[in-house]
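Colleague: Given next are the chains, with one letter for each unit.
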Amino acid sequence: MENSLFSKPRDLFLDVVNPRDYVQIDSVSHMYQSLKNSVQKPLKMILLFGKPGTGKSMLLHKLHHDLSKHQKVLMFDIPIVDEDDFLRVLAQRIFGHSPREVMTLTRFLEIAEAVSYPDVPIVLLDEAQLYSSSLMEKIRLISDARAIKFVITLHKTDKEDVIAKEHFQTRIWESIELQNASAEELKVYIQKKLLKANCFDVANMFNDKNMKLITSLTKGNYRDTNKLLFSLFSLYYWYEENHPTLIKYNALKSKWIEMAAIHTGLIRA
Amino acid sequence: MLNIRDLERRWLKYKIKSYAPYLGAVFTILLVSLIAFYNSLSSTVANEEINLPLTENSSEIKANNTETVTILEPSMDFVQSFQTTIPETQIATAPAPQRALPPQQSIPVPKVLNIPSSTSIKAPPPAISPLSGDKSLSLNRNESKLDIESVERRFKETSNPNLGLFIARYHYDHGNYSEAYNFSLKTNSMNSKIDESWIIFAKSLVKLGRVEQAKKTLHLYISESNSESARSLLDSIEQGTFK
Ligand SMILES: Nc1ncnc2c1ncn2[C@@H]1O[C@H](COP(=O)(O)OP(=O)(O)O)[C@@H](O)[C@H]1O
Ligand SMILES: [Mg+2]
Numbered sequence: 014m015e016n017s018l019f020s021k022p023r024d025l026f027l028d029v030v031n032p033r034d035y036v037q038i039d040s041v042s043h044m045y046q047s048l049k050n051s052v053q054k055p056l057k058m059i060l061l062f063g064k065p066g067t068g069k070s071m072l073l074h075k076l077h078h079d080l081s082k083h084q085k086v087l088m089f090d091i092p093i094v095d096e097d098d099f100l101r102v103l104a105q106r107i108f109g110h111s112p113r114e115v116m117t118l119t120r121f122l123e124i125a126e127a128v129s130y131p132d133v134p135i136v137l138l139d140e141a142q143l144y145s146s147s148l149m150e151k152i153r154l155i156s157d158a159r160a161i162k163f164v165i166t167l168h169k170t171d172k173e174d175v176i177a178k179e180h181f182q183t184r185i186w187e188s189i190e191l192q193n194a195s196a197e198e199l200k201v202y203i204q205k206k207l208l209k210a211n212c213f214d215v216a217n218m219f220n221d222k223n224m225k226l227i228t229s230l231t232k233g234n235y236r237d238t239n240k241l242l243f244s245l246f247s248l249y250y251w252y253e254e255n256h257p258t259l260i261k262y263n264a265l266k267s268k269w270i271e272m273a274a275i276h277t278g279l280i281r282a
Numbered sequence: 034m035l036n037i038r039d040l041e042r043r044w045l046k047y048k049i050k051s052y053a054p055y056l057g058a059v060f061t062i063l064l065v066s067l068i069a070f071y072n073s074l075s076s077t078v079a080n081e082e083i084n085l086p087l088t089e090n091s092s093e094i095k096a097n098n099t100e101t102v103t104i105l106e107p108s109m110d111f112v113q114s115f116q117t118t119i120p121e122t123q124i125a126t127a128p129a130p131q132r133a134l135p136p137q138q139s140i141p142v143p144k145v146l147n148i149p150s151s152t153s154i155k156a157p158p159p160a161i162s163p164l165s166g167d168k169s170l171s172l173n174r175n176e177s178k179l180d181i182e183s184v185e186r187r188f189k190e191t192s193n194p195n196l197g198l199f200i201a202r203y204h205y206d207h208g209n210y211s212e213a214y215n216f217s218l219k220t221n222s223m224n225s226k227i228d229e230s231w232i233i234f235a236k237s238l239v240k241l242g243r244v245e246q247a248k249k250t251l252h253l254y255i256s257e258s259n260s261e262s263a264r265s266l267l268d269s270i271e272q273g274t275f276k
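Each protein sequence line maps, in turn, to chains A and B. Going by my numbering, the first sequence opens with residue 14, and the numbers climb by one from there. Going by my numbering, the second sequence opens with residue 34, and the numbers climb by one from there.
Check before you lean on any hint, since a few could be wrong.
Said to hold, decoys possible - Here are the simulated lysine to aspartate or glutamate pairs, EDC-like style, with alpha carbons at most 16 Å apart:
| id | chain 1 | residue 1 | chain 2 | residue 2 |
| --- | --- | --- | --- | --- |
| 1 | A | 268 | B | 41 |
| 2 | A | 266 | B | 41 |
| 3 | A | 222 | B | 206 |
| 4 | B | 219 | B | 180 |
| 5 | A | 225 | B | 206 |
| 6 | A | 200 | B | 206 |
| 7 | B | 276 | B | 206 |
| 8 | A | 206 | B | 206 |
| 9 | A | 21 | A | 214 |
Said to hold, decoys possible - FRET-style restraints, in silico, Cβ to Cβ:
| id | chain 1 | residue 1 | chain 2 | residue 2 | range |
| --- | --- | --- | --- | --- | --- |
| 10 | A | 192 | B | 190 | 55 to 63 Å |
| 11 | B | 55 | A | 220 | 47 to 55 Å |
| 12 | B | 187 | A | 220 | 20 to 28 Å |
| 13 | A | 87 | B | 187 | 33 to 41 Å |
| 14 | A | 95 | B | 57 | 55 to 63 Å |
| 15 | B | 63 | A | 264 | 44 to 52 Å |
| 16 | A | 255 | B | 55 | 51 to 59 Å |
Claimed, not checked - To list a few chain A residues with every Cβ distance to chain B over 12 Å, as calculated:
| id | residue |
| --- | --- |
| 17 | 244 |
| 18 | 252 |
| 19 | 264 |
| 20 | 271 |
Note that these hints are calculated values from the structure, not bench results. Yeah, the Cβ is synthetic: ideal placement off N, Cα and C, and Gly gets one too.
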């Protein structure tokens, strides 16, 4: 269906991270500001942590997008877990050095010292819980030597909490914790996303009762909200094609929200 | 990709499952009260049976009997008081919005709001922006809300009635009734068939203390549209139950 009312809102909630889709939400903008401030400080390392789906990757991508206008900044959104590869890629992409020899940490630091930038280059590492602890230790030493400033994101689960403690708590590195959205913030998130894409009619359909249900199903998690709304609008799309008379345009149907939640696994049934 | 039939089936199962505890609770309550009822019956019977042979102390028996009967009384009282508290709370909540009205009346009245006999509506107070010097603070405050001004600007450019409805609804939800009035009015003039816009329009009028005009508007709208929701709003305004 070409002129479906629901295909555009559906695609808005695909779970992809693109800094251009960043929406300003009170607490998130606050975090982002303090993240940007931290990057300007002579700190060595900054840790962004929080549960999956709280917007860590989004914030990191936004930072990359904004910083790359002014300075050397490199983003690894998929971890390079091999230690030798990791150092090689850094040496090449940051310091323009393509070595033939085996890349040790000492060699890497020598290369780094030979090149001087006005600002310490910044490297952003997403999903840092995937790095081995020995590679994390090297990363720490590189930042200690002020060769590179790292901003890393880390999932906060029980296991990673330990890593976080071991690697970061004892050092004087800044850490920023991201959290799920409050009910009010989630509403702002959804409305802003829809309005940005000119989906007024659909934005009008969200009433307070709908928002309450959505918040209680997703607990304010952005990823879960995306998934829920993606399948909700897929559902609406289907009804629009097959049973358009069932659609009410003044509010979302709780039943369909719950069906979408069943489809995404937020409700076990 | 989506198997709607299967989802509907799973949804029904889920609903039944989620209501099951309530049904169970209702059932057990019924069962327990039934048992309690039988117990109380049989215990009075038992009392009588036991006390019957002691015919000499008949005055004592009577006292005993009345005692067992009075045991039931407090629970009746409870039920009665329970029934009477319901209307009481309704009475208690009903006047609340009226008490809240005076501050709402002092909302700045925009030009579109053209009210001839508005003695109760005061002139707009001076713009409150003592914080405007503190940039960071006002910035944060804007971010926490939807950027409604930019939406309003877009409404001006596009004249999309759905956008107007969105803004009207936003203002109504935030207690800006005169703004809600204005935007629903504009929306109605662009598309006079949007139920909700008329509803917001009438509700805003009530909130602004112009009940008669709200009723008149609703009557007119109902005669044109036969709208159910408008009718029920009118009923609740006339009965004074509109909050
Ligand atoms: N501020 C934001 N603006 C727009 N989308 C966001 C924002 N925060 C999170 N999201 C969306 O929520 C989803 C989950 O966020 P993500 O950054 O991947 O979480 P995490 O990395 O913490 O697991 C992504 O699809 C992302 O686009
Ligand atoms: Mg991520």
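Colleague: Confirm or reject each hint.
Modeller: Hint check:
Between residue 268 of chain A and residue 41 of chain B the CA atoms are separated by roughly 9 Å; this keeps the pair inside 16 Å, and the hint holds. Taking the CA atoms of residue 266 of chain A and residue 41 of chain B, the gap is near 13 Å; set against the 16 Å cutoff, the hint holds. Under the criterion of a C-alpha separation no larger than 16 Å, the hint pairing residue 222 of chain A with residue 206 of chain B is consistent with the structure, at around 13 Å. Our distance criterion of 16 Å between C-alpha atoms is broken by residue 219 of chain B and residue 180 of chain B, whose separation comes to about 20 Å.
Only pairs whose Cα atoms come within 16 Å are accepted, and residue 225 of chain A paired with residue 206 of chain B is accepted, the gap being roughly 15 Å. For the suggested pair residue 200 of chain A and residue 206 of chain B, the alpha carbons sit about 13 Å apart, so the restraint of at most 16 Å is met. Restraint check for residue 276 of chain B and residue 206 of chain B: the C-alpha separation of about 13 Å stays at or below 16 Å, so the hint holds. With a C-alpha separation of about 20 Å, the suggested pairing of residue 206 of chain A with residue 206 of chain B is violated against the 16 Å cut-off.
A threshold of 16 Å between alpha carbons decides the hint, and for residue 21 of chain A with residue 214 of chain A the separation of about 12 Å falls inside it, so the pair holds. For residue 192 of chain A and residue 190 of chain B, the Cβ-Cβ distance of about 37 Å falls outside the hinted range of 55 to 63 Å, so the restraint is violated. Checked against the hint of 47 to 55 Å, the C-beta distance between residue 55 of chain B and residue 220 of chain A comes to roughly 25 Å, which is inconsistent with it. Under the hint 20 to 28 Å, the C-beta atoms of residue 187 of chain B and residue 220 of chain A, about 22 Å apart, fit the expected range.
Checking the proposed 33 to 41 Å range against residue 87 of chain A and residue 187 of chain B shows it holds: the Cβ atoms sit about 38 Å from each other. Checking the proposed 55 to 63 Å range against residue 95 of chain A and residue 57 of chain B shows it holds: the Cβ atoms sit about 57 Å from each other. Between residue 63 of chain B and residue 264 of chain A the beta carbons are some 35 Å apart, a value that contradicts the proposed interval 44 to 52 Å. At about 33 Å, the beta-carbon gap between residue 255 of chain A and residue 55 of chain B misses the expected band of 51 to 59 Å.
For residue 244 of chain A, the condition that its CB be more than 12 Å from all CB atoms of chain B is violated, with the nearest at approximately 7 Å. The beta carbon of residue 252 of chain A sits about 8 Å from the closest Cβ of chain B, which is not more than 12 Å, so the claim that it is off the interface is violated. With a least beta-carbon separation of about 10 Å from chain B, residue 264 of chain A fails to lie farther than 12 Å from that chain, contradicting its non-interface assignment. Taking the minimum C-beta to C-beta distance to chain B, about 6 Å, the non-interface status of residue 271 of chain A is violated against the 12 Å cut.
In summary, the numbered hints that this structure violates are 4, 8, 10, 11, 15, 16, 17, 18, 19, 20.
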